[in-house]
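My request is simple: use the sequences and hints to build the entire structure.
2 protein chains.
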Amino acid sequence: MDLLFLGTSSGAPTRARNVSGLGLLEDSGKGWYLIDCGEATQHQLLRTPLTLHGLRAIFITHVHGDHCYGLPGLLASAGMAGRQEPLDIIAPTAIEGWVRATLEMSQSWLPYELNFHPTESLKEWHSRLLRVEATRLSHRVPSWAYTFTETRPDPRLNVEKLDHDGVPRGPLWGELMRGHNVEHAGRFLRSEDYLLFTRSPQRIVIGGDNDCPELLRDACQNAQLLVHEATYTQAVADAGKANFGHSTAATVAAFAESIQMPNLVLMHFSARYQSAPNRGQSIEDIRAEAGQHYSGQLILAEDLMRLRLNKTGQVERVERHVRYDARASKTNQPDG
Amino acid sequence: MDLLFLGTSSGAPTRARNVSGLGLLEDSGKGWYLIDCGEATQHQLLRTPLTLHGLRAIFITHVHGDHCYGLPGLLASAGMAGRQEPLDIIAPTAIEGWVRATLEMSQSWLPYELNFHPTESLKEWHSRLLRVEATRLSHRVPSWAYTFTETRPDPRLNVEKLDHDGVPRGPLWGELMRGHNVEHAGRFLRSEDYLLFTRSPQRIVIGGDNDCPELLRDACQNAQLLVHEATYTQAVADAGKANFGHSTAATVAAFAESIQMPNLVLMHFSARYQSAPNRGQSIEDIRAEAGQHYSGQLILAEDLMRLRLNKTGQVERVERHVRYDARASKTNQPDG
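So the sequences go chain by chain: W and S. The opening position of the first sequence corresponds to residue 1 in the numbering used here, with each subsequent residue numbered one higher. The opening position of the second sequence corresponds to residue 1 in the numbering used here, with each subsequent residue numbered one higher.
It should be emphasised that the hints constitute simulated quantities derived from the structure, not laboratory data. A quick note: this is a predicted structure, and the numbers were derived from the prediction, not measured. C-beta atoms are modelled at their ideal positions from N, C-alpha and C, and glycine is treated no differently. One or more hints might be untrue.
As the list claims (entries may be wrong) - Which residues of chain S face chain W? A partial, calculated answer using Cβ under 7 Å: (1) Gly11; (2) Glu39; (3) Leu46; (4) Pro49; (5) Val63; (6) His64; (7) Met105; (8) Gln107; (9) Pro111; (10) Val141.
As the list claims (entries may be wrong) - Label pairs and their in silico Cβ distance ranges: (11) His53(W) to Trp109(S): 33 to 41 Å; (12) Glu85(S) to Gly82(W): 39 to 47 Å; (13) Gly82(W) to Pro277(S): 16 to 24 Å; (14) Gln107(W) to Trp109(S): 24 to 32 Å; (15) Tyr112(S) to Ser200(W): 27 to 35 Å; (16) Gln107(W) to Glu302(S): 56 to 64 Å; (17) Phe244(W) to Arg199(S): 50 to 58 Å; (18) Asn115(W) to Cys212(S): 33 to 41 Å; (19) Gln107(W) to Thr198(S): 32 to 40 Å; (20) Gly186(S) to Phe244(W): 41 to 49 Å.
Encoded structure:
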């Protein structure tokens, strides 16, 4: 699984960082998932290889504008680009009414269905390759983390059982291997009964805004990667300069250390932390503070940074894939 | 008055052009007005000298998303940047309910007042330097043009009248000159009664989406500049490849020629027209077609292009003003 960061600023965009948006790419490279959709997330996509046709589902962590104001525009653009496949949106209940009211207000009619799943009552959500669960966090408004777990980690056929059950070699085996259930000689054969998985599943936990990382202890079991906000340093929070509801670099790092999380990616930085020092502060303050509490692999996310969680549980940086062709030239969209 | 184009694409953003947004700057250089606010208009502002503190009013031409989806984020960011001055928004009625519902859904509370003025019933709107009127256009939804007229074109004092009325020289004259009404010796003196204007007022007409430029004939009287959409060429429209509701380069240009409009700026281009030719089409097709029908000064708008209407009615290009300092460093905003 790859992560492609579309926005890593908290509250408002800066010239270097957009508001929240994060792409999670399937191993296959075809489909992807969007976690949060701040304003101009669709604009960021134009600078990546991701397309609105490949989008399989959207997950929203909470209702604050910097995490969802980009939804109506992105959905409308997907329609203009000719998307017809239904789209699942997993989001707090209030989001559905607002998205539908927004599309109606602007008289935008989508050529595809929106299927909303309220996060409040989510048991789990599945695609062919992934299982997603939600964990309630602590913030000024209800906020959730989403845990993405691989469901088919490098399967191989259970040849012994296939032979034992008298399933003949050939195309049937291929179907079962690809995860499809089949009928044969009056029998119903379930793919999962004939597959063996050869390694632990990959698991990534992606938090929404949250002032209590400890709430993620269970969700983080068997995860190789935690992606979490670190809006401020502890020094700024202690000086009373920070709003309630957010984590500091220190608290997230100490939590990750306490559970021996091997990889930690921080994001959602206050605009006071820029690359170049400003009023004595810079993004390096976040890195330094987290580094004091955490001994695993620490990464500070940047817009358009792409990370790969490989099959041995390591996280590595992937070169940026910039699409130099204009998105528009690929579509034949009507105009608004 | 200067115009600073923030978005010149129709429907959806491309890598080169954002969706609609246009800044109109007062001669004084301090205040500015925003016409339309597509998604990521606030992001475009980060690349200009314009600030959310200097914004005097917002005018929305119609409810389509590419003209208004950027409003909630821009208003929220103005709040985070500490704006306290009330803000006038002149927009179709449906916009007010949607903006207020959006802010409530996302639990965003602005530290300043929003004053909505429905375009449907607008007589005129005034600032100290400008008068704005709306003209109904023809589109798939109700759409308007806004006409901006200077109210104080280079005033000088009517000394003869001041002397005749016995108004003593001194600070009183200064007040009247600056446009303030004053009381003196029990008399109420209106500034405008003692001023002479030394040239014709500047007037700019800015159209929303519209398939009938002819509707702007009256509004364009005594205007030096018309800014209008030209979504397609006539060839594309005739081939049935274009949606209803828009103008072609040919129809706008022919209209501008028929009223002897001295300056015409086209914008809101279909994404099929890129700088580099693509499938045999480019933005030069728009220029060529308009040029066949119009003999005045023709300009095709680009994102971040800045134009100045000078006092003799000429339009000239102004060098780009890029703010290299990060916007965020100027504010001390809370985080979302």
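Status of each hint after checking the structure:
1. At about 4 Å, the closest approach between the beta carbon of Gly11(S) and any beta carbon in chain W falls short of 7 Å, and the interface hint on this residue holds.
2. This hint holds: Glu39(S) has a C-beta 4 Å from the nearest C-beta of chain W, less than the 7 Å allowed.
3. Among the interface hints, the one on Leu46(S) holds; its C-beta lies about 5 Å from the nearest C-beta in chain W, closer than the 7 Å criterion.
4. At a threshold of 7 Å, the smallest CB-CB gap from Pro49(S) to chain W is about 13 Å, leaving the interface hint violated.
5. The beta carbon of Val63(S) comes within 5 Å of a beta carbon in chain W, closer than 7 Å, and the hint placing it at the interface holds.
6. Against a cut-off of 7 Å between C-beta atoms, the interface hint on His64(S) holds, since the closest Cβ of chain W lies about 5 Å away.
7. Below 7 Å, beta-carbon pairs count as interface contacts, and Met105(S) has one with chain W at about 4 Å; its hint therefore holds.
8. Interface hint at Gln107(S): satisfied, since its Cβ lies 6 Å from the closest Cβ of chain W, which is below the 7 Å cut-off.
9. Residue-level restraint check for Pro111(S) is violated (minimum Cβ-Cβ distance to chain W is 14 Å; threshold 7 Å).
10. The criterion of a C-beta within 7 Å of any C-beta in chain W is met by Val141(S), whose closest approach is roughly 5 Å, and the hint holds.
11. The supplied range of 33 to 41 Å is met by His53(W) and Trp109(S), whose beta-carbon atoms lie about 38 Å from each other.
12. A hinted range of 39 to 47 Å holds for the C-beta pair Glu85(S) and Gly82(W), which are about 44 Å apart.
13. As the Cβ distance of Gly82(W) to Pro277(S) is approximately 23 Å, the hint placing it in 16 to 24 Å holds.
14. Checked against the hint of 24 to 32 Å, the C-beta distance between Gln107(W) and Trp109(S) comes to roughly 29 Å, which is consistent with it.
15. Separation of Tyr112(S) from Ser200(W) is about 53 Å and departs from the stated range, judged on CB atoms against 27 to 35 Å.
16. Between Gln107(W) and Glu302(S) the CB atoms are about 28 Å apart, so this pair departs from the stated range of 56 to 64 Å.
17. Separation of Phe244(W) from Arg199(S) is about 57 Å and conforms to the stated range, judged on CB atoms against 50 to 58 Å.
18. A hinted range of 33 to 41 Å for the beta carbons of Asn115(W) and Cys212(S) is consistent with their spacing of about 40 Å.
19. Roughly 47 Å separates the CB atoms of Gln107(W) and Thr198(S), a value that falls outside the hinted 32 to 40 Å.
20. The supplied range of 41 to 49 Å is broken by Gly186(S) and Phe244(W), whose beta-carbon atoms lie about 58 Å from each other.
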